[in-house]
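Can you make the complete structure from the sequences, with help from the hints?
Now for the letters of each chain:
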Amino acid sequence: MKILTVCGMGVGSSIILKMNVEKALRRLGVTADVEVADIGTARGAAATADYIVTSGELAPQLGEVKARIVVIDNLVNVDLIADSLGAALREAG
Amino acid sequence: MSDKLSLLGLLPEQSVLVNASASDWRSAIRLAGEGLILSGAATADYSDEMIATVEELGPYIVIAPGLALAHSRPSPAVRATGLSWVSLRTPVRFGHQDNDPVRLVVGLAATDHSQHTAALGGLAQLLADPARLAELAAAPDAATVRRLISNFEPEVQS
Chain A
1 MKILTVCGMG VGSSIILKMN VEKALRRLGV TADVEVADIG TARGAAATAD YIVTSGELAP
61 QLGEVKARIV VIDNLVNVDL IADSLGAALR EAG
Chain B
1 MSDKLSLLGL LPEQSVLVNA SASDWRSAIR LAGEGLILSG AATADYSDEM IATVEELGPY
61 IVIAPGLALA HSRPSPAVRA TGLSWVSLRT PVRFGHQDND PVRLVVGLAA TDHSQHTAAL
121 GGLAQLLADP ARLAELAAAP DAATVRRLIS NFEPEVQS
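Going line by line, the protein sequences match chains A and B. The opening residue of the first sequence carries number 1 in UniProt numbering; numbering runs sequentially from there. The opening residue of the second sequence carries number 1 in UniProt numbering; numbering runs sequentially from there.
Just so you know, the hints here were simulated from the structure itself, not pulled from any lab data. One or more of the hints may lead you astray.
[As the list claims (entries may be wrong)] To give a feel for the contact side, a few chain A residues facing chain B, derived at Cβ under 8 angstroms:
(1) C7
(2) M9
(3) S13
(4) I15
(5) I39
(6) G56
(7) V76
(8) N77
(9) V78
Beta carbons are placed, not taken as given, at the ideal position from N, Cα and C, and that holds for glycine.
In structure tokens:
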């Protein structure tokens, strides 16, 4: 499974998001590759990703992608990320 | 925490501004830019780049309630990896639908995509606790901010 964390520049919030998604996955007992992308390259990178985790501000800018989008508005709250990601994983079966 | 790429190593006292006044989000980002200029991490152009990032992509840099991570991409205006810190006397709105108003702006200048990763991880853990974020945002001077950070031991990343 591949998860893409997306922010505007790929150097700030997406790195925090990547680390916290990895923590959330450990809590959920799920193994996945987590990669960082900026909004400019995210559409291309999304072609091989199963999930995209990003903020509500950036999600609409991704346009049509095949990957399931998980929106997180508090990037430092691992509990919230684990809840949202866990729900998305369950929904996908 | 004496490592120069650690959270404290990247945030010298001169880059910490507390109880500052900003009339709007642009001036709050400019204050964060000043801290990066003072430490030699960035030139004045980087402040414009951080503001342009929000103008182009929206206020997604407000990463948690009350907290903005002002940054742009690596560019000629970035001289070294560094952080700055601005706590605001009166919170300002960035236009974020959930996380406004912003009480603390952390500025980030990055020379590449990896050097600052560990420090950002520490910062994220430090500010994940809303009570600690509030305590840091209300710290009366730069020395107190740095002492509160040095008292915090991030959990080891596996």
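Here is how each hint holds up against the structure:
no.	hint	verdict
1	C7	holds (7 angstroms)
2	M9	holds (4 angstroms)
3	S13	holds (5 angstroms)
4	I15	holds (5 angstroms)
5	I39	holds (6 angstroms)
6	G56	holds (7 angstroms)
7	V76	holds (4 angstroms)
8	N77	holds (6 angstroms)
9	V78	holds (7 angstroms)
Checked against the numbered hints listed earlier, the structure breaks none of them; every hint is satisfied.
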